[in-house]
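Using the sequences and the hints given, assemble the complete structure.
Chain order of the listed sequences is B and A. According to our numbering, the first sequence is numbered sequentially starting from 1. According to our numbering, the second sequence is numbered sequentially starting from 1.
Among the hints, erroneous ones may be present.
Pairwise CB distance ranges, derived in the manner of DEER restraints [what the hints assert, rightly or not]: (1) N134/A x G80/B: 29 to 37 Å; (2) G80/B x L93/A: 19 to 27 Å; (3) D49/A x R25/B: 35 to 43 Å; (4) R94/A x G53/B: 39 to 47 Å; (5) E54/A x R94/B: 34 to 42 Å.
Quick list of in silico lysine-lysine cross-link-like pairs, DSSO-like style, CA-CA up to 27 Å [unchecked claim]: (6) K89/A x K89/B; (7) K115/B x K89/A; (8) K89/B x K115/A.
Footprint (simulated), chain A over chain B, 3 or more residues, beta carbon under 8 Å [stated by the list, open to error]: (9) 30-37; (10) 40-54; (11) 58-71; (12) 85-92.
Just so you know, these hints were derived from the structure itself, not from any lab. Idealized CB from N, CA, C, for every residue including glycine.
Protein chains: 2
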Amino acid sequence: MSDSLYYDDLTIGQTFMSRAQLVERDRIVAFAQEFDPQPQHLNEEAARDSMFGELVASGWHTAGITMRLQLESLMGRFPGGTLGAQVNKLAWLRPVRPGDLLRAEAEILELRVSKSRPDRGLVTMRTTTLNQRNEEVQVMTATIMTPRRPQS
Amino acid sequence: MSDSLYYDDLTIGQTFMSRAQLVERDRIVAFAQEFDPQPQHLNEEAARDSMFGELVASGWHTAGITMRLQLESLMGRFPGGTLGAQVNKLAWLRPVRPGDLLRAEAEILELRVSKSRPDRGLVTMRTTTLNQRNEEVQVMTATIMTPRRPQS
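Shown next, in the form of structure tokens:
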């Protein structure tokens, strides 16, 4: 796990790139069976007759993988964790296929101290999920709340 | 599965309520292990020391359950499926705990025919996820694209 980070250590424009995660065919199908059983996500045969023409991951699966990746590279490094989050935009730009390697890059867009709780900071960031060809497959903008560095 | 629905059958203000889905403790933990391994989602002991003080579902798990529910009540009823989606807002309002019963209600906010593809319609809807006490646990606004009824 990487070093811990406080709100006070962040600067606007700073970026955090995650490791790469392999998207496995069986995880695509298992996710779809539980949460998004549309033909394009369930199996190759059903997907062939869908408008995608091939098996692709649910967008919510891509969102979950992105959460995992940016938890490791950024949000999981906040001592005390994140105290709430709101997504302002979440869009899926390209299909994610079995065997794809995804990375997530978070860029800090805005930083402000909470007015009601000055011991907390609000971090707005854009997280771009990229495949092994550096193509954007998902883009998300979100604001999270996290504790500030304790005053000594 | 409910009857099929075309874009042309929808009206602004129309609502679609899903069935209820039980949130099981073991699914909360399994989801967290794969996508969101924060202490409040992983097990009761780790959760006790987190700011939540108890085991709660990942917001992304709630989003997945919501997808499943509104696929059954609305989106899965579109012949030809949905051809793309964008989330404009996604916020988690209250914790989701093991044993909670979630329902999702979608309300049609806006309807417009695609300018570039007049055989497709764009549907903007707000989906509210409620627990067994009718409390809002998640709210989402999204726009999806779906085929229009074929002209005879």
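Verification of the supplied hints:
1. A hinted range of 29 to 37 Å for the beta carbons of N134/A and G80/B is consistent with their spacing of about 32 Å.
2. At about 21 Å, the CB distance of G80/B to L93/A agrees with the hint of 19 to 27 Å.
3. Range check, D49/A to R25/B: Cβ separation about 37 Å, and the 35 to 43 Å hint holds.
4. In this structure, R94/A and G53/B meet the distance hint of 39 to 47 Å, their C-beta atoms being roughly 40 Å apart.
5. With their beta carbons about 39 Å apart, E54/A and R94/B fall inside the hinted range of 34 to 42 Å.
6. Note on K89/A and K89/B: the hinted pairing holds, with a Cα-Cα distance of about 6 Å set against a maximum of 27 Å.
7. Distance check on the hinted pair: K115/B and K89/A sit about 22 Å apart at the alpha-carbon level, within 27 Å; holds.
8. A threshold of 27 Å between alpha carbons decides the hint, and for K89/B with K115/A the separation of about 22 Å falls inside it, so the pair holds.
9. Residues of the region 30-37 of chain B with a Cβ under 8 Å from some Cβ of chain A number 5, which satisfies the need for three, so the listed coverage holds.
10. Counting residues of the region 40-54 of chain B whose C-beta sits closer than 8 Å to any C-beta of chain A gives 3, which meets the bar of three, so the coverage hint holds.
11. Taking a C-beta to C-beta cut-off of 8 Å, the region 58-71 of chain B contributes 9 residues in contact with chain A, enough for the three needed, and the coverage statement holds.
12. A stretch counts as covered by a chain when three or more of its residues have a beta carbon under 8 Å from one of that chain; for the region 85-92 of chain B and chain A the count is 8, and the coverage holds.
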